[in-house]
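If you want the building blocks of each chain, they are given just below.
Protein chains: 4
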Amino acid sequence: MLVVMQKGASEETVKALVNAIENRGYTARPIPGGERISIGILHNTGSVDANHFQGLDGVKEVIPVTKPYKLVSREFKQENTCIRVGDAVFGNGSLPVIAGPCAVESEDQILSIANSVKDAGAALLRGGAFKPRTSPYSFQGLGKNGLELLAKARKETGLPVVTEAMDVETFDLVEEYADIIQIGARNMQNFSLLRRAGKSPRPVILKRGMSALLQEWLMAAEYIMEEGNNQVILCERGVRTFVRHSRNTLDLTVVSAVKKESHLPVIVDPSHAAGVREQVISLAFACAAFGVDGIMIEVHNKPEEALSDGAQSLYPEQFKTVMEKMKAIHAIVGKN
Amino acid sequence: MLVVMQKGASEETVKALVNAIENRGYTARPIPGGERISIGILHNTGSVDANHFQGLDGVKEVIPVTKPYKLVSREFKQENTCIRVGDAVFGNGSLPVIAGPCAVESEDQILSIANSVKDAGAALLRGGAFKPRTSPYSFQGLGKNGLELLAKARKETGLPVVTEAMDVETFDLVEEYADIIQIGARNMQNFSLLRRAGKSPRPVILKRGMSALLQEWLMAAEYIMEEGNNQVILCERGVRTFVRHSRNTLDLTVVSAVKKESHLPVIVDPSHAAGVREQVISLAFACAAFGVDGIMIEVHNKPEEALSDGAQSLYPEQFKTVMEKMKAIHAIVGKN
Amino acid sequence: MLVVMQKGASEETVKALVNAIENRGYTARPIPGGERISIGILHNTGSVDANHFQGLDGVKEVIPVTKPYKLVSREFKQENTCIRVGDAVFGNGSLPVIAGPCAVESEDQILSIANSVKDAGAALLRGGAFKPRTSPYSFQGLGKNGLELLAKARKETGLPVVTEAMDVETFDLVEEYADIIQIGARNMQNFSLLRRAGKSPRPVILKRGMSALLQEWLMAAEYIMEEGNNQVILCERGVRTFVRHSRNTLDLTVVSAVKKESHLPVIVDPSHAAGVREQVISLAFACAAFGVDGIMIEVHNKPEEALSDGAQSLYPEQFKTVMEKMKAIHAIVGKN
Amino acid sequence: MLVVMQKGASEETVKALVNAIENRGYTARPIPGGERISIGILHNTGSVDANHFQGLDGVKEVIPVTKPYKLVSREFKQENTCIRVGDAVFGNGSLPVIAGPCAVESEDQILSIANSVKDAGAALLRGGAFKPRTSPYSFQGLGKNGLELLAKARKETGLPVVTEAMDVETFDLVEEYADIIQIGARNMQNFSLLRRAGKSPRPVILKRGMSALLQEWLMAAEYIMEEGNNQVILCERGVRTFVRHSRNTLDLTVVSAVKKESHLPVIVDPSHAAGVREQVISLAFACAAFGVDGIMIEVHNKPEEALSDGAQSLYPEQFKTVMEKMKAIHAIVGKN
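Protein chains in written order, with this note's numbering: chain U, 64 to 399; chain P, 64 to 399; chain C, 64 to 399; chain W, 64 to 399.
Since the hints were derived computationally from the structure, they do not count as laboratory data.
These figures come from a predicted structure and were not determined experimentally.
Please note: incorrect hints may appear among the correct ones.
It does not matter which identical chain is meant; a pair holds if it fits inside one copy or across any two.
What the hints assert, rightly or not - For lysine-lysine, the following DSS-like pairs were computed, each having C-alpha atoms within a straight-line distance of at most 30 angstroms:
#1 K78 to K322
#2 K181 to K388
#3 K383 to K181
#4 K383 to K123
#5 K130 to K365
#6 K78 to K365
The following block holds chain U by itself, in its conformation from the complex:
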């Protein structure tokens, strides 16, 4: 932490601040600059709360230097965390693809899609049984029945399943059926849910919140890891911006920025970022080229009849072509 003093701050003011810092148990080290004095805060374990010093007399600005995260940090653990589920590995340079419908709607639907995406080369099946929806009047998912259908699809295809846990109440149930548990963007800072996920033996996909800063996202992962679950896969799914031509704006650079700070794998969901089928395809290619640790993509056998997210779901044949091209692109970039 660096406390920058106002130009011309008196010696007493500086002394008072040094005391305030040391009263909190830190070491203060004044650093005379060209135009003003700054005070470094040393010997802190973990991060210092800028709020403590922000409003004090003579203080111009408080600049954090040490990052607040520990377990998720690459400085804490240098090598990539690799998470293996079925035949897929997230974090080892491969490109596992998770595909399936937004929501499980019926046995026919999920079995048909599961078989298609398996044939096309997907490594895992996705499908929502509990759906967080903006409107209380929208389709909320099949619940337990949806989980059972996912299990059936897993049995038939061998694909592990990824499905969302919306709350602590239904977490046990989801945990029983899911191979990977997803925490949605709207729940990224539902700390009680994060703590529960931290106690799970299952890997967790933690979606980035609509407007989460990199640091907030990593701190959410820290909540999970702090409870003992090290298997966290981060998932970028587009952020909210002023833009109106797509549902969200996919922030690809966050992937490399996170990987610099953290050892955790980062996958991308181009479907929610775009919101429209053609854009999803182009974005999927872009993701494969960017060097992400996996891709999550929505596929539906009859998008025009889907109960949710139809416009952004690929047709099975489209998905097949997309898979082939993503694979070819990944082969080029992988030689990086």
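Given chain U, put chains P, C and W in place with the hints provided.
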């Protein structure tokens, strides 16, 4: 819903679309325009999902006309909803002020602050017992003990208390002690929590999410009302923008925009919007002048020692002056 | 400038960086911290470009400490700059109001409005003769004829006039007629125009760009001051955010943040921020309460027939009431 | 344009609005819906200004249907516009690459870089002679001398040159030397400059403004085309968002969204979007995979000594590898 066709869309394409619309049980009404045909979707009760038609052949754009909310809508209920708690009324043109620390820290602290804010004219006491914090290593609140201290402060001052419920697990407990239950910005789309709040006999303050659109915020309130709780107070607390000179950007116009769409009262929290004491004061005056239904503001007896949000908490004497000026401003604007 | 090294950076890496810094003529001062070394860059006059060191070996982050602006800085000049035009003073704690139509449309229009706003207590008349419009097909202003009509209105009412200069080509002409020259939001970083304005004897209103950071805005003012013109009035007019219920989001806190950094006066334009009449009125009250150095507001005698910005222009009678209330609010807050 | 009336608007109110619409020369067509009446505005050539009707009695909302752009619109011209410069073609499905330094700094520098990027397969050379800089104290470019050095590099390598025109004053000079004239992001709505570019015989690269909506960007291109210059290449370069881990956020989906609306080619500049070398490389691959009409990328022979943008410039050897991989990726996606 208005489906705008591409220029030069053939008669068959239009006919196919009309069929697709009517297959879903709506009435389709083609409207020939200057340059292209649009198709109105009529006789829908509630809103139609744009996704159903977005990707279809010949469709250029799908424009929603009817809004998806019902119970929160001013068209559903014309007159303002007024919510009475203790001597305060939210929604009747008065300006009740909720004041207190970010978190309850000790008996001394909360009693001292409660007495100060009461003397200054606050109508309710705020204070967190369960704190949602970005970092798992930050102070998380005193929990049940914090609630008991709030109850003690209520007994001593007569001020009703506002405190946050973070999850369904601890909701019963919070409900037992709180006069108004707050749902925080990060939980605005924690739908399970919203449903639980909808079953509570207590009024609920629903904070706007960091980057929530007006419509998403109202739909979150709809979740609460749909379960039977009509006492929802909306609270703007600043949104996330590209700006770096303040923690958030306070969006005052959302207050009038919401009040046009909805009958619910809207209050504002200038403390979280600004993040810095001087800005909080000026913003509090601005809120009073804008014509809001109440103000929530952080006050601490020793901000420099606060366990959270010290930099944005007012000193008790500052708060007293702020209260006087807000009252005077409100008197001018109220004559609107 | 503070260069933060990666944890475990070797002594050689640190030495290499120290050399790189000193090769550019600065003094490097290594500061050992709890977990890592940082290197302070001292004895720089003016700011250092972070880009120089960002990509170098072992560098984790580069944190600017000194601000890049000089002439606009409050550290350069402590007391407020006060700018007097006619009877109005910007920057001395008073609340001068600039009112008038978006564009000058006809003699009748501008004279009628000028008389109304004068009667209501406005200190200056605004009106565009050269209009920057998003579409080449929209009304572009009356040009020279518009300037002459403004001069006529000034003669009749005694009000000084504020009007926009869109480019260097027509700057001389605008300068001849205007008492204050406005530079629009879209031209905030039109550096050639800024330099020209810097050579003008007239005060300049510099509107904030749609998504300008505080620092970029101040640097734009620095361009003007660096050419010799010290009479710069900054004008906040709303920024672009994800929000859809208002044209822009008014960023009131930027006013106090700028005034902390700079000695220049800051006024606010609630009309462009809101885009809708009712919101303009409430925002105008909020501005008066916040403690701004002036307000610019659109008034039209027949808003429904206006050639531009009709929906956000106040009726003359509305403006009169708004003026009275703003004055009363300012009287309360002024006693700050 | 669709004017949505408030629920329960009286017949007289509707009639008054119909009159207001027809008084402006349009045809009004009331459309009774399930819950409210809407009024379509027909037989307008071009777009209608929503402002005209927004504030009127009984009006709930005004929804634009027709787009305001003409010449840039794909409905006006169905086939892609292809722009040929030297051996490169923008818009025909190929992937021309424009490479070079941010600014021309010396003869050695520009010749060395020009030869490198040519060898690596770049189709055009970029380099700034007039530089728009946030600070008046930063390096502003070599001016005319810079243009002469670019001409020398063109002569030696045969590569056409792309360079920026900052203002109308120096436009003639830039036009004399440049093969393509660039208009920078900060000047996207410098309408006088756009009009001047519209009179040029040279193709123009129009960068997207920092926070420009798709429609504003196309309208800026409309300004150029309306003056007679049809050779406009649009360039996405990242937009400003709340994000802090990269300079800007690259908005890839705008490319496909623009191409749906317009026949103009769209290229992407990953260098300014990222601001950091490693991110530039990954983003360049993503652009190639997304299916853009060209890529503009910064290369410097000695990035650590560059006078501007050093941290985001690739080393020549890096660029060579990047070119090879982009070519390979494009070959895969091109088979789309």
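Handout entry: Structure-inconsistent hints, enumerated in ascending order
Key = none
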